[in-house]
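K.L.:
Sequence:
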Amino acid sequence: MSETQASESYDVKAVEEKWLPVWERLEPFRADDDAVLAGEREKKYALTMFPYPSGDLHMGHAEVFAIHDVISRYWWQRGYEVLNPMGWDSFGLPAENAAIRNDTHPATYTYANIETQFASMQRYGTSFDWTRRLHTSDPEYYRWTQWLFLRFHERGLAYRKNSPVNWCPQDQTVLANEQVLADGTCERCGAEVTKRELTQWYFRTTAYAQELYDCLDELQPTWIDKVVNAQRNWIGRSEGAHVSFAVEGHDPVTVFTTRPDTLWGATFMVVAADAKLAASLVTDEQRPALEAYLTEVRKASDIDRLATDRPKTGVFLGVHATNPVNGEQLPIWASDYVLADYGTGAIMAVPAHDQRDLDFARAMDLPVRMVVDTGDDDPAVSGVATTGNGTYVNSGPLNGLSEKAAGIRAVIELLEAGEHGTGTVNFRLRDWLLSRQRYWGAPIPIIHCATCGEVPVPDDQLPVTLPDLRGADLKPKGTSPLGAATEWVNVACPTCGGPATRDTDTMDTFVDSSWYFLRFLSPNDETQAFDSALAKAWGPIDLYIGGDEHAVLHLLYARFFTKVLRDAGLIDWDEPFSAYLSQGKVINNGRKMSKSLGNGVNLGDQLAEFGVDAVRLTLIFASPPEDNIDWADVSPAGSLKFLQRAWRLAGDVTSHPGAPVAEGDVALRRVTHRTLHDAAQLIESYRFNVVVARTMELVNATRKAIDSGCGPADPAVREATEAVAILLSLVAPYTAEEMWERLGHEPTVARVGWPTVDEALLVEESVTAVVQIQGKVKARLEVAPDIAEADLEALALADADVVRAIDGRPVRKVIVRAPKLVNIVV
1 MSETQASESY
11 DVKAVEEKWL
21 PVWERLEPFR
31 ADDDAVLAGE
41 REKKYALTMF
51 PYPSGDLHMG
61 HAEVFAIHDV
71 ISRYWWQRGY
81 EVLNPMGWDS
91 FGLPAENAAI
101 RNDTHPATYT
111 YANIETQFAS
121 MQRYGTSFDW
131 TRRLHTSDPE
141 YYRWTQWLFL
151 RFHERGLAYR
161 KNSPVNWCPQ
171 DQTVLANEQV
181 LADGTCERCG
191 AEVTKRELTQ
201 WYFRTTAYAQ
211 ELYDCLDELQ
221 PTWIDKVVNA
231 QRNWIGRSEG
241 AHVSFAVEGH
251 DPVTVFTTRP
261 DTLWGATFMV
271 VAADAKLAAS
281 LVTDEQRPAL
291 EAYLTEVRKA
301 SDIDRLATDR
311 PKTGVFLGVH
321 ATNPVNGEQL
331 PIWASDYVLA
341 DYGTGAIMAV
351 PAHDQRDLDF
361 ARAMDLPVRM
371 VVDTGDDDPA
381 VSGVATTGNG
391 TYVNSGPLNG
401 LSEKAAGIRA
411 VIELLEAGEH
421 GTGTVNFRLR
431 DWLLSRQRYW
441 GAPIPIIHCA
451 TCGEVPVPDD
461 QLPVTLPDLR
471 GADLKPKGTS
481 PLGAATEWVN
491 VACPTCGGPA
501 TRDTDTMDTF
511 VDSSWYFLRF
521 LSPNDETQAF
531 DSALAKAWGP
541 IDLYIGGDEH
551 AVLHLLYARF
561 FTKVLRDAGL
571 IDWDEPFSAY
581 LSQGKVINNG
591 RKMSKSLGNG
601 VNLGDQLAEF
611 GVDAVRLTLI
621 FASPPEDNID
631 WADVSPAGSL
641 KFLQRAWRLA
651 GDVTSHPGAP
661 VAEGDVALRR
671 VTHRTLHDAA
681 QLIESYRFNV
691 VVARTMELVN
701 ATRKAIDSGC
711 GPADPAVREA
721 TEAVAILLSL
731 VAPYTAEEMW
741 ERLGHEPTVA
751 RVGWPTVDEA
761 LLVEESVTAV
771 VQIQGKVKAR
781 LEVAPDIAEA
791 DLEALALADA
801 DVVRAIDGRP
811 VRKVIVRAPK
821 LVNIVV
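Residue numbers 1 to 826, in full-length UniProt numbering, belong to the letters of the sequence shown in order.
Among the hints, erroneous ones may be present.
Cross-link-like lysine-lysine pairs, in silico, PhoX-like; alpha carbons within 25 Å at most [to be verified]:
{"id": "1", "residue 1": "K563", "residue 2": "K18"}
{"id": "2", "residue 1": "K704", "residue 2": "K776"}
{"id": "3", "residue 1": "K641", "residue 2": "K13"}
{"id": "4", "residue 1": "K563", "residue 2": "K536"}
{"id": "5", "residue 1": "K592", "residue 2": "K226"}
Here are the simulated distance ranges between beta carbons [what the hints assert, rightly or not]:
{"id": "6", "residue 1": "R812", "residue 2": "D217", "range": "23 to 29 Å"}
{"id": "7", "residue 1": "T295", "residue 2": "C496", "range": "41 to 47 Å"}
{"id": "8", "residue 1": "E526", "residue 2": "G60", "range": "30 to 36 Å"}
{"id": "9", "residue 1": "E285", "residue 2": "D103", "range": "35 to 41 Å"}
{"id": "10", "residue 1": "V601", "residue 2": "R155", "range": "45 to 51 Å"}
{"id": "11", "residue 1": "N389", "residue 2": "E328", "range": "20 to 26 Å"}
{"id": "12", "residue 1": "R751", "residue 2": "K477", "range": "40 to 46 Å"}
{"id": "13", "residue 1": "P28", "residue 2": "K536", "range": "23 to 29 Å"}
{"id": "14", "residue 1": "E328", "residue 2": "E413", "range": "47 to 53 Å"}
{"id": "15", "residue 1": "R196", "residue 2": "V393", "range": "22 to 28 Å"}
{"id": "16", "residue 1": "N394", "residue 2": "D217", "range": "38 to 44 Å"}
{"id": "17", "residue 1": "S708", "residue 2": "L597", "range": "16 to 22 Å"}
If you're looking for bench data, these hints aren't it; they were derived computationally from the structure. We put the CB at the ideal spot given by N, CA and C, even for glycine.
Make the full structure from the sequences, and use the hints.
P.N.:
Here's what the structure looks like:
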């Protein structure tokens, strides 16, 4: 058969249509719970972040699924029992907003997209266990989301309070702090986030702040630094002291500071303008000024308020506080650069050593006193705060000390002795605001009764299902659409039987995705959220793959949920994800794909033109998983040509399965076994692109062996070709299955097992030693791998080419690195 004929006979579309129904029938990736519970096989739990059902799959999905499949398929080949489930994160703003744009009900839009994506995932040859498929918007799922909420409520970890919250004016709903981007915009829609005073539901994430912070040390070796650091910075642990300042006519004001040793430099105090403390402290004369100022403050996001280059503004509250270390009267101001939910919502201002305090002092003509002499210019003159270490001055008993830690300890002891403060730890992390004023989410299972207060919905009345509301206007209006469903809202109180109302907020979709990996263990269990025995057997997840855009949001929430469920006795592990791999992005011509830029790449078009395997191979071969892939720089056409070459090898093999391979060509066998040995190490270090390169080298070596003498009947050719099929089963499953069948085997190649590597074939009989003179290569010698340095030096100096190159010049030095290098200096 000619090269052209062979190429034309490889019909990509026909091959895909042929194998899909076979895989559906065989279910090769169905995980066996009993095998893991009985200890028959070691488990691996492979998980990739499940998608939002907003349209069909795109290039980003194609990349992460290809990467994920390499690992999960490799684990199957290595003999593990692998749990690799998939579902849809089908509640939440993305699906609801898209449905509103398309003038359809969220359920109609969501489930239609799920079916589209499901068909695409199957075509893409993913190794998911489809018997565990779930959708977070199914009542069978969110029944247990509500059940978990009630368990949190019982433990005091779910509560309701009134406070200033982040408000998205476009989506007309509140946002958690983690959902506000660094530029102060909504991470969903990009609108500028403002503040509102509302009563909302929270999860008490701060109860686990210390443990969430400490466990990052354990995750550091197996998570990428970027993600660990993002978590660490968001939790924001800082040590310091709570200091109490007496205020005449009011309760004392307590502030948190990491530098209690600078108390002698405090010249004023600042309270968050939107904190209740400001409203309680302000005098009647200053109240109108504060209220006018508050109107402006609420227009700014937290990010804007904390910006260092923002002009400092504020209002004097008309009262003073007493500095506990020197008795000075400090004026109390309200300003927007202090946040109500950080610390106590109040700070002691030390303008000489904090730039924002200094900027405020200069704007309001307040005193500046240096208390740490760092050798820099006086901040009162230079306008630049000094933050380094130095010698204490103007600091009473600390004067002359130069060790910051000693100064801090001394002041904390002084404060505690006078009952004016205590040493403490503070966190930047705030409790998780989970209420949403939107329709498409899990209803919060609480009933409000005028007599009984907040009453949990009894477990046997779960799920609290969403009313259908088809035909209703679901556009965001600032209050939940559920409030208009009066028949749904008005209920009898489960405790006293009197008239009551349901809570009309729904839960943030991140609640759903904080425990979905547990529901995959028991997706059809109608008696419990998940089986604890299975959780202990399968958990934690061995490798989690996803984008680092979830470095704080999803990962932090899932970690919090895991710790709560552990303390409730439902699981026995501390962290949900033992290892985390973050994939890069697929871009085009150096830029993010965008319709407006005209550089979008349609996944469906690529699959139609080149086939699934070529696209998958291209994505894996292009770069390491964490790097971006520029589609303009890769060649799916080249990938397809390589796959055709590999496929032709299988057709050329003429030896029978089980032929005595020990009699085969030794040189080719060495290449095969070295490739398999190295591929295992490369996969386990996530260097998947190098595995593809080594597979290409094996194909070339096998073709060369066929064409140069050993022939297609040599058992070594079969061994090498079978190894190619097994390696390709990780990346190009259709081609691999087709090759396996042509080689005379039954499907499926994905479960045949990793070939045993013959260690003897890894030992090289000879090594090429390079001989350099003055750094230039002059000869290559074939030597024994264990040759002694003296023998290698003698061989090099006796080589005819080397003798000719030295040309009688005296040899000054010979550097030998046996068995591969001799460097001669003349």
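K.L.:
Look at each hint and say if it fits the structure.
P.N.:
Okay, the hints, checked on the actual structure:
{"no.": "1", "hint": "K563 to K18", "result": "violated, 46 Å"}
{"no.": "2", "hint": "K704 to K776", "result": "violated, 31 Å"}
{"no.": "3", "hint": "K641 to K13", "result": "holds, 15 Å"}
{"no.": "4", "hint": "K563 to K536", "result": "holds, 14 Å"}
{"no.": "5", "hint": "K592 to K226", "result": "holds, 20 Å"}
{"no.": "6", "hint": "R812 to D217: 23 to 29 Å", "result": "violated, 52 Å"}
{"no.": "7", "hint": "T295 to C496: 41 to 47 Å", "result": "holds, 42 Å"}
{"no.": "8", "hint": "E526 to G60: 30 to 36 Å", "result": "holds, 35 Å"}
{"no.": "9", "hint": "E285 to D103: 35 to 41 Å", "result": "violated, 55 Å"}
{"no.": "10", "hint": "V601 to R155: 45 to 51 Å", "result": "holds, 48 Å"}
{"no.": "11", "hint": "N389 to E328: 20 to 26 Å", "result": "holds, 25 Å"}
{"no.": "12", "hint": "R751 to K477: 40 to 46 Å", "result": "violated, 54 Å"}
{"no.": "13", "hint": "P28 to K536: 23 to 29 Å", "result": "holds, 26 Å"}
{"no.": "14", "hint": "E328 to E413: 47 to 53 Å", "result": "violated, 21 Å"}
{"no.": "15", "hint": "R196 to V393: 22 to 28 Å", "result": "violated, 45 Å"}
{"no.": "16", "hint": "N394 to D217: 38 to 44 Å", "result": "holds, 39 Å"}
{"no.": "17", "hint": "S708 to L597: 16 to 22 Å", "result": "violated, 50 Å"}
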